[in-house]
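**Q** Could you slot chains B and C onto chain A? The hints should help.
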Amino acid sequence: MPQSSADMPDFDAAEDVAQRRADEALIVDVEGYEGPLDLLLTMARSQKVDLMTISVLELAEQYLRFVEKARKLRIELAADYLVMAAWLAFLKSRLLLPPDPEADGPTAEDMAGHLAFQLERLSAMRQAAAQLMARDRLGIDRFARGAPDTIARSRRTEYKAGLIDLMRAYARLKTRDEFRPYAFDRKDVFTMEQALDRLRKMIGFAGEWTDLSVFLPQGWEADGQRRRSATAATFAASLELARQGRLEIRQGESFSPISYRQTTHEP
Amino acid sequence: MSHDFPPPSLDQQERMVEAILFASAVPVTMRDLTARMPDGCDPAEALAALRRRYDGRGVTVEHLGDGYAFRTAPDLAFLMQEQTVESRRLSRAAIETLAIIAYHQPVTRAEIEEIRGVAVSRGTLDQLIEMEWVRMGRRRMSPGRPATFVVTDGFLDHFGLETSRDLPGLSELRAAGLLDSRPPAEGLAMPLAGRGEDDDIEHVDPPEDLFKDT
Amino acid sequence: MSHDFPPPSLDQQERMVEAILFASAVPVTMRDLTARMPDGCDPAEALAALRRRYDGRGVTVEHLGDGYAFRTAPDLAFLMQEQTVESRRLSRAAIETLAIIAYHQPVTRAEIEEIRGVAVSRGTLDQLIEMEWVRMGRRRMSPGRPATFVVTDGFLDHFGLETSRDLPGLSELRAAGLLDSRPPAEGLAMPLAGRGEDDDIEHVDPPEDLFKDT
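In order, the protein sequences belong to chains A, B and C.
Okay, so the first sequence: first residue is 0 according to numbering that gives the first Met the number 0, each after it adds one.
Okay, so the second sequence: first residue is 0 according to numbering that gives the first Met the number 0, each after it adds one.
Okay, so the third sequence: first residue is 0 according to numbering that gives the first Met the number 0, each after it adds one.
There are no misleading hints in this set.
Part of the chain C face toward chain B, derived, beta carbon under 7 Å:
(1) MET15
(2) GLU17
(3) ALA18
(4) ILE19
(5) PHE21
(6) ALA22
(7) ARG35
(8) GLY57
(9) VAL58
(10) THR71
(11) LEU78
(12) MET79
(13) ARG137
(14) ARG138
Treat the hints as calculated values from the structure; they're not laboratory data.
Positions of the beta carbon are idealized from the N, C-alpha and C atoms, including for glycine.
If we strip away everything but chain A, and leave its shape as in the complex, we get (with noise of 0.2 Å):
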């Protein structure tokens, strides 16, 4: 990776052959950075000052000439660096005008400060890990006992149950409602069998036209859905006595009471 001077990413300057070749070793190594702000941390380094000194209007520029130079050759950048590139034009221009005092939000002096603020905790961050993985550490420079004593042990049992294993014990509980046979709660259902045995039983006092809502059982005319499965329970029967022709249904109009009588000539 050409770290050879200020203007690396400069592609402007580059007119000879050797500073082309940088140029273009630099954009085929982009997918070697971590993402735009690494590449940013890099190009800021170029400034050779502290990073919370450096020019963020002058990285700016460097960043988009950048993206700029990579477009001519034709490299497709990921969509983070073209991400990057719109917002460090929005800085740029905000910078570069004068401040809006009617503007509501962060000024560009507080974007640019946030920007050089990331970049010296990436920077420190970095340095941080340097130093962690620099240090003594266990089984490159530090050794354990090689060969620590089996213990006696004594037993106790200790129940063991993880998270997932709760969570499977109460998902089997619940998909074993959901997957319950299908069948009816029979405590609401009036059914064909007992309103004809019903109907049977009553029909032979009805000598007179009799609405369907006498033969309904009681206690099942006031809840609506008991009241709906016992009168089609009941209308179903009446069909097949008819059919038997021991009853005889009449009804003035569509969606009029329906009545029964008995049949008054024996079949």
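**A** Frame of chain A, contents of chains B and C only:
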């Protein structure tokens, strides 16, 4: 033989033998010591000094086969015992009961039985209480004033939960593949007899799925 | 409290601590020491005496996280080629992520991403968790209740740290304000695109690896 550097001091050599014996998984032979220590060392002398140093200590340098190793002093063998814990999986009944208590607490025994569809043995609840994962909560203000059960802080601790609200909801279980079912089609769902409130798991909405990328 | 026997002498207690620490490959906590030694012992004092005794030796007593362990002196690492275990090479992303977790803990995934400027791939955190250097901490009490990550005692042991306050350069970083969890103000945040797309564990060899795992 000529050396660029003088050999380390005997003290330093003793430290070296000490570290090598300590870190080795098997007894170290005199040949190994010679091979590993810098030129010009006298491992035999360093080892003899080290053995004297550890004489009477809690660990001693012993000659085992043709090698040397640290060993616990025989009179301290009694310290090398540890009460161990044999882990055993919870029974299915226990884990299911625990799950129901965690998701529905405070919950009565009758309610647990309703959800599980089978009777809960006294032993199962006793076991969970003895493990200090479950305790009795307030009595329910309903006829018979039945006792309720709730999970303990020890439970939350063991399962790495901050509150029982952090338990993932059913939709999350499903997303995690723990529930590979689809809900029954609209309109086919059986009305859950009686207790509407036991559906509340659906509404507990822990913000972050435990199973997503961590 | 009454004992059938007087407690062992301090010398004897020191031998006991020595034997127990020697016997274990992982750090032993004060609680374990107390549990394993006879009643009436003062493990803390015995341990202090032991640490003094081993000061400057080839193995020394280190305070690592919650526990204590003998470890070979770092200056003798050159003798230990045979013991060195070829550890899995960590990617630059993994090392940076580890450092960020250590210095900023408890830290959320979003905060790690903010600091690094790229999405954290799933593999990176998985690897650190698998190595038992990182674990999930408490959920953050902020909208979404995101999970946080913290380093483990295993991390402290590996890097020879007594507590995470002993991280190198920690106080300087703090004084410089570089550890403030400073959420970017509205409109200040830089864009983070392509979340989750870069599987950074894949490119184990970034062109410039500042952080070679030696």
